[in-house]
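Protein chains in written order, with the numbering used here: chain A, 5 to 243; chain B, 4 to 349; chain C, 241 to 578.
A hint or two may mislead.
[Stated by the list, open to error] Computed Cβ-Cβ distance ranges for the label pairs, DEER-style: (1) A:A188 - C:Q439: 40 to 50 Å; (2) A:G142 - C:T528: 40 to 50 Å; (3) C:D560 - B:V170: 24 to 34 Å; (4) A:K61 - C:D281: 36 to 46 Å.
[What the hints assert, rightly or not] A few chain B residues that don't get close to chain C, going by computed Cβ distances all over 10 Å: (5) I34; (6) N150; (7) L266.
These are computed hints drawn from the structure, not numbers from a lab. Cβ atoms here follow ideal geometry from the backbone N, Cα and C, with glycine treated the same way.
Listed below, chain by chain, are the residues.
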Amino acid sequence: MTNGRVLDLENVEAGYDLLQVLWDVTLHVDEGEFVALLGPNGAGKTTALRTIAGFLKPLEGDISFRGRAIGGAPAHAVSRMGLGYVSESLNLFPAMSVNENLQVGANAVRDKARIASTMDLVFQLFPRLLERRDQLAGTLSGGERKMLAIGRGLMGSPTLLLVDEPSLGLAPMATVATFEALKALRERGVTILLVEQNVNTTLHLVDRAYVLEQGRIVLEGTGAQLLRNPHVQSAYLGI
Amino acid sequence: MTTAATNLRPAPFLRRYLTFTWLTLAIAAAIMVFEAFANASLVVNTLVTGGMWALMAAGLAMVFGVMNIPNFAHGELFLLGSFTAFTVFSPIQDALFDDPSLTWLKVFGPIPGMVVALAVGAITGVLLEVVLFRPLRRRSRDQWVMNTFLLTAGVSVVAINSYRLVVGNDFHGVSGYWIVPPVNVAGVPISVDRLMVLLIAVVTIGLFALFLQRSRLGRAIRAVSQDETGAQMAGIDLNGIFILTMAISCALAALAGASLLFLFPAYPDVGLQPLYTAWFVVILAGLGNIPGAVVGAFLVALLQNLTIFYVGVGWVDVLPTLFIMLILLFKPSGLFGSAVKGVWEQ
Amino acid sequence: MATHPSAWAALLRANRRRIALIAVLVVALVLPFIPPFTGEDYRRWLVGAAFMAAQAVAFDFTAGYINIVNFGFAAFVGLGGYTSGLLAVELGIPPVIGMVVGGAVSGFVGLVTGALTLRLRGIYAAVMAWFVGLALMGIVRNVPELTRGSLGLAVPSLLDSPENLPYYYVILAMLVVTFGVLTWVIRSRFGLAFRAIGQNLAAARASGINPTRYLVINFVLSCAFAGWLGGFYAHYYGILTPDVMLTSHTVEVLAIAYIGGRGSLWGAAVIAFPLSIGVEYAKVQFSTLPGVHLVLYGLLLIVVMIYRPGGVAAAVRSFDDWLERRRRPAVAEAPHPA
């Protein structure tokens, strides 16, 4: 790992069959950082995460994770390298219990002790999940499912966790709980790249952030800097 | 694995008669079953064939649930297992004929045939996935279910007729696996072959269930059947799971064929009845539902044997079809609910 | 004056599909007079080919437009045949009427099957149609008092002639009717509904289309034509056994429909001729190898499925597109997004 850089995107272009979504995207995440990727609907934030996670092959540019090039590597391989991904649609296993969902999350982990301790961590962070340990994932509430998705992502003991819009569709209380959990994770030293539409809360939480608009990075800076930024203020904070 | 939510309800006008109809059917069924069970061989046949259909149906359900492939060549795996067992066991049968005093051969003789059949089945499954399904998957996932359906129908036709060309139409069977006098169970003599088949089926299904429920790989397979993206996010290699799934499914079908060799000799069309029955079980129980398939297999075996007992062998295709149409009327997702991923209606 | 030749050329080009179809029809009409099809044996092949073509068209109407594989198709054909045959044998009803009744009966069974299963995923309809087919075959086998079972039911002929030629023209006419009617339906609002359902079920529902109703209409039409054609089969070959309902016959029809091009009725109709005749030829060449023609069908189907899922029709269409592009160099490129 060169100078603690966990994730490095350089001039990445990505998109789907007839539609290019990302243009010349350059960003990085260093060890221990909590970085956000912000922007309006349709900007390409989810596409960016999907490309990093290996679900989409970049058209141009380089992506490296812990010094290794991963652009174009298949998703399961990227996951095994230690890059956890919590998708917007969660992709839980509805007919499996909370417990089993978490166990599957640890599929690539050999050390039983580590699995057990990670599961303890998950239940500490999300006591609601412990209560519903044997309940089928398909019957959980929206907030609980988000928690489970994050928990499952953690089970792989990832070096970097990508989280896509955790607050989407959640009631305010659940949103708070989710952000609290992310804060706690950050305090434990987990590196996080977060995609969010909820700009205000996010900027108060993170170290740095990028603003993505129409597939291009238009701004970057620390949370504090961006909170003071006039464009951010007018476009996203309603000031 | 239990039912996924279904939003399909039986046609409204029928719901009024639901309870009454169920009651009548249940009573009629109970009477018939009670009468028929006075006949012990019916019970044994039901258990034996039920066990075999369970092996066939579980594999079929698994491939559909995990890979979304309706395998129409599944019956040919039965034929493959049957013929493999025949090829391996024939020389052993001859040796026993020449020298019947070889007890160890008598006891363990049939085993190699079944083991080799398992292996051959597994290898064939792997080949099917690598040579046919993976290239198709790479090209397009459009109309996947129908395309693979047709693909496997083509494979079935090629397999049956190639077998006919190479081996011929003759029946290749064995007189029996374990040539020992029948065992007395509650005063009824039951052939050891049938008992062993039942044992094999129960043990195999048990191991398979344990594997799926308790092991890491088994969990991974179930995960893939529920959400492929989620499975990849957990580091699961889909291609590997697909190979494993096909291998297991085909191995189970081949084992069914191998162990039933004394009942079903190897000949080109021998796989058609197991294919039909396996599909029948899977549709009746609910597509993709593996535990349902196992239970359903015994139900269907009972249904078939009752039909044979009361009506006649020729009607064994007809009455069950009418029965299943009735079931689909009231419970479109099958008796135990379907467990398929993706869109309910395509 | 200078514009006239190019105006004609433009007219021809615009109607090139219709012209091609008419050309194919003309070829089919004169084929019996071109050696080797002047011989009775070969004319028998022609009858068989046209029969396969008509079946493939009826089959593809369902498979290609509502994405349902009627895996019991051969049984619906056979049902029509047995209906018409039995009506003729038992009640003396003339075959022409019997064939229509056969179509109605098959259509009705298709209605029951479809109504029950078309609300569900396509695979249910495919497998249930298969079960229905097996059940029908079982019923026919098990009432030999009526159907003569495997011994075969002798059925009176459609025409008095012992020659194949008139039968060929009859089946050709039936092919044209089948193709014409089904194409007309495709072009009508029904066809629009089929495609809407196929592309976006939820949107179709929201537009007020009841998907099940259209799916069932399609299925019933296909089965009805199958039954009608089955009547022809009965009164041409003169003998019916339950084996006409075998699944392998469905696979033959299916293979032709697919190789011709799923969703292309003309593709199925046209490709049936070379394919069917080719297979008959292979059967003769390899008469010592029974079932080899089925192996060929199967392999072709597999190869087409994996490598050319669009079938011959798609190949023809892309060739046609290529010709068009050559004639008229690229129109404005699609605007760059963003």
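Exercise for review: Just tell me: holds or violated, for the beta carbon distance of A188 (chain A) and Q439 (chain C) against 40 to 50 Å?
Suggested key: holds (46 Å)
Review point. Does the Cβ-Cβ separation between K61 (chain A) and D281 (chain C) fall within 36 to 46 Å?
Key: violated (57 Å)
Review point. Beyond 10 Å from chain C, beta-carbon-wise, is L266 (chain B)?
Key: Consistent with the label, L266 (chain B) stays out of reach of chain C, its closest Cβ about 21 Å off (over 10 Å).
Point to revise | V170 (chain B) and D560 (chain C) - C-beta distance against the hinted 24 to 34 Å | key: violated (46 Å)
Review point. Holds or violated: is the Cβ of N150 (chain B) farther than 10 Å from all Cβ atoms of chain C?
Key: violated (6 Å)
Review point. Range hint 40 to 50 Å: satisfied by the CB atoms of G142 (chain A) and T528 (chain C)?
Key: Given range 40 to 50 Å: violated, Cβ gap about 59 Å.
Review point. I34 (chain B) clear of chain C by more than 10 Å, beta carbon to beta carbon?
Key: At about 24 Å from chain C, I34 (chain B) clears the 10 Å cut-off, so the statement holds.
Taken one by one, the earlier hints fail for this structure at numbers 2, 3, 4 and 6, listed in ascending order.
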